[in-house]
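For reference, the chains in residue letters:
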Amino acid sequence: MSVKEHKFNLGSLLSPAKILVEKESVTKTALIKKLIDAVCQGEPKLDGADILAQVLKREEGISTTLDTGLSIPHARLEEITDFKAALAVLPSPVQDPVNPNLSIKAMFLFLSPAKPVFFQKHLQILSSLAETFKPEFIDELIALGEPAQIFARLEGQR
Amino acid sequence: MSSSSSSSQSPLRVKKVVVITTAMLTFIPFWKAAAIVLCDFGSSAFYAGGIAMRAFGPAFPWYILAVMLFAGLLLMLELEACSLFVRGGAYKIVREGLGDRMAKLAASALVFDFLLTGPISAVTAGHYLGGLVNSFLTQFGASFHLPEGGFAVVFGLLVTGYFWRQNVKGIEESSSKSAKIIAFSLAVCFLLAIWSFITIALQGAHIPPTQLDFAPGALGWAGKIDWMKAVGLLGMMMAFGHSILALSGIETLSQVYREIEYPKAQNLKKAALLIFIFALLFTGGLTFLSAVIIPPDLIASKYGDNLLSGLAMSMAGPGLLKLLMQTLVVVAGVVMLSGAVNTSLIGSNALMNRIAEDGILTDWFRKIHRKYGTTYHVIHLIAALQAVIIIVSGGNVYLLGEAYAFGVMWCFVLEAAAIIALRLKRRGEKRDFLFPLNIRYENFYIPVGLGLLSLFLLSIAVVNLFTKSIATVAGISFTVFLYAVFTLSERLNAKKANTMFEEGYRERVNAQTALDLKDALDDLSQPNRVLVAVKTPEHLYHLEETLRTVNPDDTDVIVLYSKPVENLLYRQDMRSAAVDEHELFTQVIFLAEKYGLPITPVMVQSNDAFYAIAQVAAVADAKEIIMGVSGLHGAQTQMERIVMAWGAVKERELKHPVKVRILWEGREISYGFTN
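Here the protein sequences come in this chain order: A and B.
Here this note's numbering is used: the first residue of the first sequence is 1290, the next is one more, and so on.
Here this note's numbering is used: the first residue of the second sequence is 6, the next is one more, and so on.
Derived by calculation from the structure, the hints in this document are not laboratory data.
Treat the hints with care, as some may be off.
What the hints assert, rightly or not - Among the chain A residues that face chain B by a calculated CB cut under 8 Å, a handful are:
(1) 1356
(2) 1388
(3) 1390
(4) 1409
(5) 1415
(6) 1419
(7) 1441
As the list claims (entries may be wrong) - Selected chain B positions facing chain A (Cβ under 7 Å, derived; list incomplete):
(8) 15
(9) 648
(10) 655
(11) 676
All C-beta atoms in this analysis are idealised placements derived from N, C-alpha and C, irrespective of residue type, glycine included.
Let the sequences and hints guide you as you build the complete structure.
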């Protein structure tokens, strides 16, 4: 018996303004910083530098880069009460600094509320991201080239 | 999901799959375990009565019966010893409870008895066979007879030689064969009993006397000590001491304990009960019937070395039928006694190996056979000493019996004392079985019953020191010699700072490379699968918790070790995090044995343990993934990575929800995957 599907809608976390198509050559840390800036836009209560520090601290733990070409830097923050995210697609892949054999072609940064009650949803988002962003799908997003089209495609994943 | 991932060339995916197999992951039901013990313990029925008769006269069946009832108490002692789950039997128990010196003494004494059980069993088998041949010769009017002593020596050497070869080759004891032998012996016992009752009904019976009539040699030095009169309670203790050899082989229970299937504790109790009933009826019952039916002078003159053949030949009925009955008795006797020869070699080799693991023996003893992987020097040594004992005995079973029981008695004395000490040392520890008669004081059970048993064992052992002079001289000489060898070897090892001995016990395992994950997991047969990921031998709480709660009737347990290779991940070279898989799987197998549950151990080489776990769980169609917590990263970070890895390797819809659990002492976090 197959289990009923109830995949998380990733589009609900994003807007075209929070999607970057990064054509320039960039380091992983610089890309994370750009995505944090995108998340913090219009959110005066968020401290970008503090978030960057927390995300980079998490990156020092178990790697968040997958062999599918997706990197999912993330952090759980006390100061937020809902999930926030930003996406970058990279026509020119970035080499993962920890494992040079892995190339990053898409980076999905997301921030979760630190309260334990949100942890299950936090895991669900990680799982959905890893499952959705397979190599073919990432290539498709890169080919779309425009944030609005990428957003529409993600919305269509629902 | 499938194993043939589109990303199979990915640096994170499984590189190599290794299936770990070991004989120790095959568990047996309680009745097969009982059969293995009885093949050794039950075999004393063939010689204990005859030896006791020669030592203290026609009262012997009462004492053999008493010893068999006493065996019930010793089986309970073994139950408590086994419930401590200290792998390595009495030697390790004594080491835990009383320390190294006492353990070395216990081991030395036990090796002495192993050296004797082989010859006594092999020579007795020779007597039974020689007696049968002579019965046939008499039946058919032949004018010559086999010299039974000489024949017994030759046969004993042949049997010992055969099992020496088998042990060098490393051929394991078959529990199925043991069960067949015991079933056959039980049928023979039943026939003998029925025919005995018919004979008693036809010819009448003489109830054996209770008064003791010690042979001069059977009193040993006690005969020269005024106050040591063989009367009253002291006389009874002397007779009991001469009958104690009927317990030969009872210690085998602690060797087969590790093989008993789930639920281990209950099955162990059932096995002990079965052993007790069988031994009481077979050894106690048949010895008693022999004394009732065979005239005492005939036992003394003709059937002292093959009492049960005497029982068969003393039945009421036609000669040919009696000869057929004797044949059945001899077949049962020869196979059981030969099995006991094998067990003595296996037991002494296992004991010497346990001692070697503690750094007490030099490299020479641990040398592994190139082809068979056995510790062949120890086996050669034990078999050679047994062969010398057989030749020196000249086939005299009584002489061998008089030398026997020194080791087993003192070993039981030390084991009982060690268990009392462990009651104190591990007083908060829950045990599946406690020797009866305890007074509870807070979380400590004052071992009144064990104390009384220890006193009784000590009394018999001390009395035997005086009465069984051959056993005392030979036993003390050998024990002191072996203790000196152990001590000297230990010092030599310490000087060499031989790190090999610091490794401890290693399970013998076979590691075979599988074609792929599907091939490695081909033997899974249960509808449910649980994958338990292991990382270090010190952190297996989650595996133990799984084994404690899993239902083995519908669930396969896969134990996975992902060995790090090649690349740099997580900002460190993961190769440095790799543990010795041999040591890890030894501990895993130890836990599987503890709960008597079969597991499927698999090792994969991978740069990312979480990918490996997800891949194996997917291929195995596991319903649960269970991990221990990492001290380095923490449970939440681990959970994040496993859900990411799962998503990355997932290629098709799930047939059922999959739950990931990370367990540590009293705590758990979990996450459920659906589609």
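Hints violated by the structure (listed by number, smallest first): Violated: hint 7 alone.
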